[in-house]
Amino acid sequence: MTATDGISLEDGMRLSGMSYQELWLRHIAVSGTTGELELEAYVLGLLVPNDYQHNLIAQAINEYFLEQGQDHPVAYHDTANAE
Amino acid sequence: MTAHRRWAELLHAVSEPAAGVNSDALLRQALELGLEVAPETVGCSVTSIDGDEYRTPIYANDLALDLDRAQYQAGDGPCMAAAREHRNQHFYAAEDGERFPGFTEAALNRGVHSSISLPLTGTPQPAAINLYGSSRTTFDDERPQAVAGLLARCVSALLARPDSDVRPADPPVSTDEVDAAQTRARLVTSAEEVLMSRHQLSRSAALNRLIGRSRAENRSIFVIAQETIEDSTAAGVAS
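For the protein sequence lines, the chains are R and C, in the order given. The opening residue of the first sequence carries number 1 in our numbering; numbering runs sequentially from there. The opening residue of the second sequence carries number 84 in our numbering; numbering runs sequentially from there.
Just chain R, with the same shape it has in the complex (with noise of 0.2 Å):
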């Protein structure tokens, strides 16, 4: 597994200051389907992501950061076939 340069997914929340319910909200509006609590260990580093649950998830933190005008700060995996 590879991964882009940038942040974790648990110190990006922590850095965006969302509550996971919103990560919840943003992360179905990725097309994610993990549930509320599963996201949440996802984040916290508890259950290991395959990498399109990753990217799903650090794509929806960092919508967050592009809301805020900074540029996708959280790292995905395998995205190298996409660039």
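For the record, the hints were derived by calculation from the structure and aren't laboratory data. Using N, Cα and C, we set each Cβ at its ideal position, and we do this for glycine too. Where hints are given, some of them may not hold.
[Claimed, not checked] Here are some, though not all, of the chain C residues that point toward chain R, as calculated from beta-carbon distances under 10 Å: (1) A86; (2) S98; (3) L290.
Given chain R, work out where chain C should sit, using these hints.
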């Protein structure tokens, strides 16, 4: 079994309740995970209020049971307060001696210098989950508090089962908010399907394409998804 595996089992049981599941075993497993909330966590238990009585229906180890009982004998303590007042309690032995004198002495005698107690939601009786720490700072960081919060919600759900009408309170997320999120999700999913069809990609690879453009152009994935669909429509019209 790894902690990841145990968390996965617990969360699966909580999110998809099934008949025949041993809730007592899951509760024990949950409280054992409580012992891993922070490196210096030395005890984990649940305090509940049954009428006028405080009791400990489940605990991870004898130390936690002893400290719960010390509170009940003393007449007050942070775990009792959390269950009774339905508020988080962060106890520091060095500073809270006047508030909980009997319990503080018992805690220090057992090498416990801090605790956090989080009220449980939706349980048949008022209750709280308690975590005891061997240093003053065991639970000071954001992470152990976040993990404890997640654990509290899992234990709340387990204690509300089985066959109980009592359920943890639904999160305060409105139907409108969920509907709005699902509308956006349909946009992203449609864009993924366009890319999957056009480039013979898996869904994961299609998502990565959208993310790649979002990153390269520093724009929202929803804008990228909308453009992807519009481009596809335009191409279809042109052909």
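Hints and how they fare:
1. A86: 7 Å, holds
2. S98: With a minimum Cβ separation of about 5 Å from chain R (threshold 10 Å), the hint on C/S98 holds.
3. L290: 6 Å, holds
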